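Chemist: Please put together the full structure from these sequences, using the hints given.
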Amino acid sequence: MEIDDPMLRPILVANPAIRPKVEALAADVDLRFAAKETADLAVGRARGEKDRTLVDRGAFLIGEANARRQPDPVRKAEYDDAVKRADAALAKSQDRVTAAHNAFMTAREIRDACFAYLVANTKRENADDY
Amino acid sequence: MTIEHYQPSPARPIVPFSEVDAPLPDAMTPLDVIAKQRGIGRELRAEAKRVQLLPLALEEHLAQARATLEAARGETIVPNVSADGSCDFRNLFAPFTGGTGHQVYAPDPVQLFLSDPANFDRMIAAAEAKIKERHKGLTETLSTADKKRRAREIAADILAAERIECAAIWAARASGHEVAFRADVDCRAVLGIEGPPPRKRG
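Read top to bottom, the protein sequences are chains A and B. Going by numbering that gives the first Met the number 0, the letters in the first sequence line up with residues 0 to 129, in that order. Going by numbering that gives the first Met the number 0, the letters in the second sequence line up with residues 0 to 201, in that order.
Derived from the structure by calculation, the hints contain no laboratory data. Don't take every hint at face value.
[Claimed, not checked] Per the computed footprint, the stretches of chain B lying under chain A, defined by three or more beta-carbons under 8 Å from a beta-carbon of chain A, are:
#, segment
1, 13 to 27
2, 114 to 127
3, 184 to 196
[Unchecked claim] Between beta-carbon pairs, the in silico distance windows are:
#, chain 1, residue 1, chain 2, residue 2, range
4, A, ASP111, B, LEU158, 15 to 23 Å
5, A, LEU53, B, ALA155, 55 to 63 Å
6, A, ALA26, B, ARG133, 53 to 61 Å
Since we're looking at a predicted model, the values are computed, not measured. Note that the Cβ used here is the ideal one computed from N, Cα and C, for glycine as well.
Modeler: Structure, rendered in structure tokens:
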């Protein structure tokens, strides 16, 4: 249920004091959704970066093998280090994406529960007329 | 149409929710209040679980055992025996549902045993002795009514703690902190309103 839902609208008009809280809950979900999307993009980038460093390292090793020589230890260490760094960055961004997903799910759950509570427990005067 | 353009129905006005004010302690920051109230809430929920798992009071336990045996004596339990003589124990308590084979109804041995008053009295006495033995050394027991009363009291305390926690979260957010509500928080505490308990989220 969204904040401009026809079922919620009259309740917010009748309860002006809780409207800021309801709007804040809805805004919180939007904010956390944006954070989740950003984290998803970041994890995609980190995964791409790791793939690229792996490809670079593989190309270097294949090139050295084709030239029938042992890989240069200094350059190999650089490639290994780059792969390690990319791996750590990916793990970090995966942690962030998990936290962002959880925060978004929680915010959405609370918003939906509050909206549903308001709709389910709102009483009207002259209810017998209907 | 936005909320600003909405015209409430004069014939059927909405009764506004009663608001509940949860004052924050003056000497503490909102973040400290949140941490403190979350701790109180954890303790209260642990207490609720402890009360729920407390053994029943002796008198009620005995009465329950007697009622269970009385009910077993009165039931017409018959096993579902198929044409080849094998007994389908899965259908023992639902002999009239399902089953495609020829059914022969025979009296249940438990029912036969309990239908003799002497056997029944011996069974009751044995059950009571066993229950009294188990109750020896128990320091705390509660009747079902007392458990319900305690559960209601603890639930009210949890809600009061959550109201202060949520008020502190709103205050912390207003001062620029990014604090999230707990996933299982009560809607009434978040919105600061009075009302019937919300349905459990699942």
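Chemist: Decide, hint by hint, whether the structure agrees.
Modeler: Against the structure, the hints:
With 5 residues carrying a beta carbon less than 8 Å from a beta carbon of chain A, the segment 13 to 27 of chain B meets the three-residue requirement, and the given coverage holds. Counting residues of the segment 114 to 127 of chain B whose C-beta lies closer than 8 Å to any C-beta of chain A gives 0; at least three are required, and the coverage claim is violated. Counting residues of the segment 184 to 196 of chain B whose beta-carbon sits less than 8 Å from any beta-carbon of chain A gives 9, enough to reach three: the coverage restraint holds. About 20 Å separates the C-beta atoms of ASP111 of chain A and LEU158 of chain B, a value consistent with the hinted range of 15 to 23 Å.
Checked against the given bound of 55 to 63 Å, the beta carbons of LEU53 of chain A and ALA155 of chain B, roughly 59 Å apart, stay inside it. Checked against the given bound of 53 to 61 Å, the beta carbons of ALA26 of chain A and ARG133 of chain B, roughly 56 Å apart, stay inside it.
In this structure, the one hint that does not hold is number 2.
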